[in-house]
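Engineer: Protein chains in written order, with my numbering: chain H, 1 to 237; chain L, 238 to 474; chain G, 475 to 711; chain R, 712 to 948.
Rather than coming from a laboratory, the hints here were simulated on the basis of the structure. This structure is a prediction, so every number in the text was calculated from the model and none was measured. Using N, Cα and C, we set each Cβ at its ideal position, and we do this for glycine too. Among these hints, one or two may not hold up.
Unchecked claim - Across the chosen pairs, the derived CB separations fall in these ranges:
hint, chain 1, residue 1, chain 2, residue 2, range
1, L, I461, R, K927, 13 to 23 Å
2, H, S52, R, K927, 42 to 52 Å
3, R, E747, H, K44, 35 to 45 Å
4, L, T293, R, D732, 54 to 64 Å
5, H, S78, R, C783, 49 to 59 Å
6, R, E751, G, R598, 13 to 23 Å
Claimed, not checked - In the DSSO-like style, the derived pairs of lysine-lysine whose C-alpha atoms are separated by at most 27 Å in a straight line are:
hint, chain 1, residue 1, chain 2, residue 2
7, L, K453, R, K948
8, H, K33, H, K216
9, G, K558, L, K320
10, G, K683, H, K216
11, H, K44, H, K33
12, R, K849, L, K375
Number of protein chains: 4
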Amino acid sequence: MIRVTVWNENVHEREHQGVRDIYPDGIHGCIAKFLELDEEIVAKTATLEMPSHGLTDEVLENTDVLIWWAHCHHHEVSDEIAKKVQQAVLKGMGLIVLHSGHLCKPFTLLMGTSCTLKWRDNDRERVWCCNPGHPIAKAIPEQFEIPVEEMYGEFFDIPNPDEVVFLGWFKGGEVFRSGVTFTRGRGRIFYFQPGHEWNPTYHIEPVQKIITNAVKWAAPTCRIDEIGCPNTQPLEK
Amino acid sequence: MIRVTVWNENVHEREHQGVRDIYPDGIHGCIAKFLELDEEIVAKTATLEMPSHGLTDEVLENTDVLIWWAHCHHHEVSDEIAKKVQQAVLKGMGLIVLHSGHLCKPFTLLMGTSCTLKWRDNDRERVWCCNPGHPIAKAIPEQFEIPVEEMYGEFFDIPNPDEVVFLGWFKGGEVFRSGVTFTRGRGRIFYFQPGHEWNPTYHIEPVQKIITNAVKWAAPTCRIDEIGCPNTQPLEK
Amino acid sequence: MIRVTVWNENVHEREHQGVRDIYPDGIHGCIAKFLELDEEIVAKTATLEMPSHGLTDEVLENTDVLIWWAHCHHHEVSDEIAKKVQQAVLKGMGLIVLHSGHLCKPFTLLMGTSCTLKWRDNDRERVWCCNPGHPIAKAIPEQFEIPVEEMYGEFFDIPNPDEVVFLGWFKGGEVFRSGVTFTRGRGRIFYFQPGHEWNPTYHIEPVQKIITNAVKWAAPTCRIDEIGCPNTQPLEK
Amino acid sequence: MIRVTVWNENVHEREHQGVRDIYPDGIHGCIAKFLELDEEIVAKTATLEMPSHGLTDEVLENTDVLIWWAHCHHHEVSDEIAKKVQQAVLKGMGLIVLHSGHLCKPFTLLMGTSCTLKWRDNDRERVWCCNPGHPIAKAIPEQFEIPVEEMYGEFFDIPNPDEVVFLGWFKGGEVFRSGVTFTRGRGRIFYFQPGHEWNPTYHIEPVQKIITNAVKWAAPTCRIDEIGCPNTQPLEK
């Protein structure tokens, strides 16, 4: 079983009826629910307002893949927890960062860049696959439409990704590297752009399938306890 | 001085007045002309109908960067010359492949993939830069418009590029990796998508600047005479 | 079940008692045997001397991952079959190329480069992992020794790999990118350097584990029947 | 002219006569001196003990390429200056990190990983080129020896580099990705492993040539003042 923790800022859902109408259980609840339809996955949730933001050492150690959604409250995540998430990834935990999570502390720490981009509410997106043999693209159509979605446009200030799996087209004239993979330490990372809180993006079937695929792709094949810089003896004399 | 050879199929310009009106000296003539405005570049041309397609051993040995435009007559390029171009790149020559050259023999030999894509005439393109620090993007705006251009859409069946420098947005709803780099052997390769023969694309200033930048980027820093597979003695006993 | 076809030139084993002593069932037989110890894998074999080299359309269509070992008889593989293997990879089939297979027709067609390298018999190798979180490195020690192995040294004329998973150290003073991955079309490719026919390399446990891991990693997630270059209608009006 | 600032911790040279004997002007002085032999380069130096470690805003703004050598005093570099260096790279400044600089704050901030490795004093290294067409490898032999050098061995916990240019072989049995490139924001980064303070590594000719080449490769082609996340208007209505 792949043990997923879906982390959510969980502020918009509590403050805005319009968001709550779309995600009555929160974005985290919605994602955990569709993930659990897959027999290989068990999903728990954690949110900003919980002690340690719900990300205690025990939770991180028992998480194979962490999913991160956040938007306006990145600064409220403690530096200590953000660093623990970064370390957990380097030790092997998978990480999936969604939409406005591009500016969250764990992602920017792992990328080392500003992760800035262009944005605009209420555009229309088409998500194109440019790596159809990739495990994350399994059973995904060559393109699908998101009728209303926030535009995220280039230049997206991320390191050269290991792989670009999806490209986003926006009606207003922009393009975006919407699905990209990275390896950091022993951990695999997938960033996926769709998912504005005011749009029912996580109810769209290919979006759910992509996130489910990404969980399987990011599940650890190696996990270590300590990262060291050892002084070693020669193997050859 | 960087010695460029601009190769062109040169069929549309001779057969269609509409194309000749846009490129009275041929696409090759147009490109050679704007390249020579740069003090570091000297440009010659070669075309399909010339003996050896204008690509004799002597020409290839004296070419630092070869630019290739072609469309409907790829099959008329001899396999022998195509392989010589491939070998010249592996030995260090730069190669810039333009637009419908994506299916030309030297490029498909060097890529090893089908290099197929989606296409449609008479769309509108916006070229976005997604690697603004790249030498090929020097002094290029963050995006520019090509009012009429052939749509090329994903999936573009190329190997994972070393770098994606430009992404194309098309009004009809498609996206494309429009400017991509590869290293093959000692040679550097840049593929650039714009340039349909019925549209005045190569008269657009940022397009000219991109091709000029690419020539400088692809100019060899190492060139070898022979490729071998030597049986070597140990360096350590 | 992952359906593997292990292809072998199968010449050295028939001509040299010394090789036959190491691999009484041929290198192909040895590899098929250890692969079948894995419950998810079924393995068949095919060899050069069979009609169509054992690689009929039906065999290729029913192969998820093709493993290729060859050495001195690359030129005896027909161009037609080599191209069919290339096409099968582009359509999604996985390919694992072993040792002296670096110069085989399917691999060089897919790479587009010379795939040349330095070499010398009877050296000692240490295989180091430089991507410990990669699925192909699962449960592989950080380094292991191959007491006698043919040296393969840089410069290895391959395209920039998607990932370098293993690096080889040789007693004589050379290094090599010994385990590298590529994506071509829908297909995943792994090249692995160890495996000289006069050394019992494929009896070494981590070598067997790496090849088994690679089979699982290269198994298709997407497979298509035809590769086309379609003229498409706009999605947006 | 390319304006280089060579930054050095400058502690070992002051504390140990043995190091001072090798580098009477400090490692920074040695590097600045050989760089200035190139007509395109002007080089200044800065050290840890200077106010702001010699890296004021004015210095950073007037530096095209920053070279960083450090070893045991990474923690004495202020977080503020380290972040300024990171930001300067994202805005376009080139960065060359040498040897034990792998653990310095600016590099680990830009990489997002632990940058840990294996190490051992007093080994012998051979540096192999595995990307001979790369500008940083210009005029470098296929391999060269460093008679005494600190061993740095894999696993080197860095992100998948854009390019691996050099691989290190060590007599004791280890290998290392000794010369690797990254792009971060608009900036280009080169990490180069050789250079232990007790060995005269920076007096070796190919080492000097590699660093000189890297300066030219990392010189900015684009430099921005501010990094933003703009809310933009649609280009298309």
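Engineer: Look at the Cβ atoms of T293(L) and D732(R) and judge whether their distance stays inside 54 to 64 Å.
Structural biologist: At roughly 58 Å between Cβ atoms, D732(R) and T293(L) fall inside 54 to 64 Å, so the hint holds.
Engineer: If I claimed the Cβ atoms of I461(L) and K927(R) lie 13 to 23 Å apart, would that claim hold in this structure?
Structural biologist: 21 Å, holds
Engineer: Has the given pair, K44(H) with K33(H), been kept, meaning a C-alpha gap of at most 27 Å?
Structural biologist: 9 Å, holds
Engineer: Holds or violated: K453(L) and K948(R), Cα atoms, limit 27 Å.
Structural biologist: 37 Å, violated
Engineer: What's the verdict on K849(R) and K375(L), does the C-alpha distance respect the 27 Å limit or exceed it?
Structural biologist: 22 Å, holds
Engineer: Quick one: are E747(R) and K44(H) within 35 to 45 Å, going by C-beta?
Structural biologist: Given range 35 to 45 Å: violated, Cβ gap about 60 Å.
Engineer: Falls inside 49 to 59 Å, the C-beta gap from S78(H) to C783(R)?
Structural biologist: The hint (49 to 59 Å, Cβ to Cβ) is violated, given that S78(H) and C783(R) are roughly 30 Å apart.
Engineer: Is the distance from the Cβ of E751(R) to the Cβ of R598(G) consistent with 13 to 23 Å?
Structural biologist: 45 Å, violated
Engineer: Verify the proposed pairing of K33(H) with K216(H), using a straight-line Cα cut of 27 Å.
Structural biologist: 16 Å, holds
Engineer: Are K683(G) and K216(H) close enough, with their CA atoms no more than 27 Å apart?
Structural biologist: 21 Å, holds
Engineer: If you check the beta carbons of S52(H) and K927(R), does the distance land in 42 to 52 Å?
Structural biologist: Between S52(H) and K927(R), where Cβ atoms are some 49 Å apart, the hint holds.
Engineer: Need the status of pair K558(G), K320(L): alpha-carbon distance at most 27 Å?
Structural biologist: 20 Å, holds
When the structure is compared with the earlier hints, violations turn up for hints 3, 5, 6 and 7 and for no others.
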